Amino acid sequence: VDMMADEEKKIILSVRPGMTDLASLWNFHEGDVLKGSPDLEKTYMEKIIPRAFLVAIIAVICIPVAARAGTASLYFSPSSGEYHAGENFTVGIHVKSDIPINAMTGVLSFPAGLLEVVRISKADSIVNLWVQEPSFSNAGEYGNVSFEGVVLNPGFIGPAGKILDVTFRINRNGIADIGFSRAAILA
1 VDMMADEEKK IILSVRPGMT DLASLWNFHE GDVLKGSPDL EKTYMEKIIP RAFLVAIIAV
61 ICIPVAARAG TASLYFSPSS GEYHAGENFT VGIHVKSDIP INAMTGVLSF PAGLLEVVRI
121 SKADSIVNLW VQEPSFSNAG EYGNVSFEGV VLNPGFIGPA GKILDVTFRI NRNGIADIGF
181 SRAAILA
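Here the working numbering is used: position 49 in the sequence shown is 49, and no number is missing along the way.
Hints are not guaranteed to be accurate.
Said to hold, decoys possible - With a Cα cut of at most 27 angstroms, we get these calculated DSS-like pairs of lysine-lysine:
#1 162 to 96
#2 122 to 47
#3 47 to 35
#4 96 to 122
#5 162 to 122
If you are wondering where the hints come from, they were derived from the structure by calculation, not from laboratory data.
All values derive from a computational prediction rather than experimental measurement.
Please construct the entire structure, taking both the sequences and the accompanying hints into account.
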């Protein structure tokens, strides 16, 4: 805000804080990005602004303005299975949509005491551009897999759009629920 002209400050500061555009959804973790930064302004300009700009471009170019009725959802394939300690298994993250979708983001969570991610594969993905390269962490009580991607126009429509594959190793036997702690699809 300090970098803005007085007139810009007046306008910006007159608006109640909250979600203002798609970049607000995409950059919901700004606080985490800025936390501990020795130079908040530099970090904001180098990490947050470019990402917000990319989301704005995607919104203008890829996302049709007309509202459409339809559904889209993320799912796992296979959706369940029985495996034993020491074994590896692969779960595909897919999207099903009856309307053209252009972007998706997600955080998959799993009990790190029972499972660990050993590999992520983007092979044969419908995603054309990764806003955030798929990554994983096995640290903590719950591990996670994060991804953010874009499908260029005309988007994806269909029952089984592969986003990525995640290969897990079973550390010990037990019931392990794998699920999305955060997910969004933009059409």
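Cross-check of the supplied hints:
no., hint, verdict
1, 162 to 96, "holds (9 angstroms)"
2, 122 to 47, "holds (24 angstroms)"
3, 47 to 35, "holds (12 angstroms)"
4, 96 to 122, "holds (17 angstroms)"
5, 162 to 122, "holds (9 angstroms)"
Violated hints: none; the structure is consistent with every hint.
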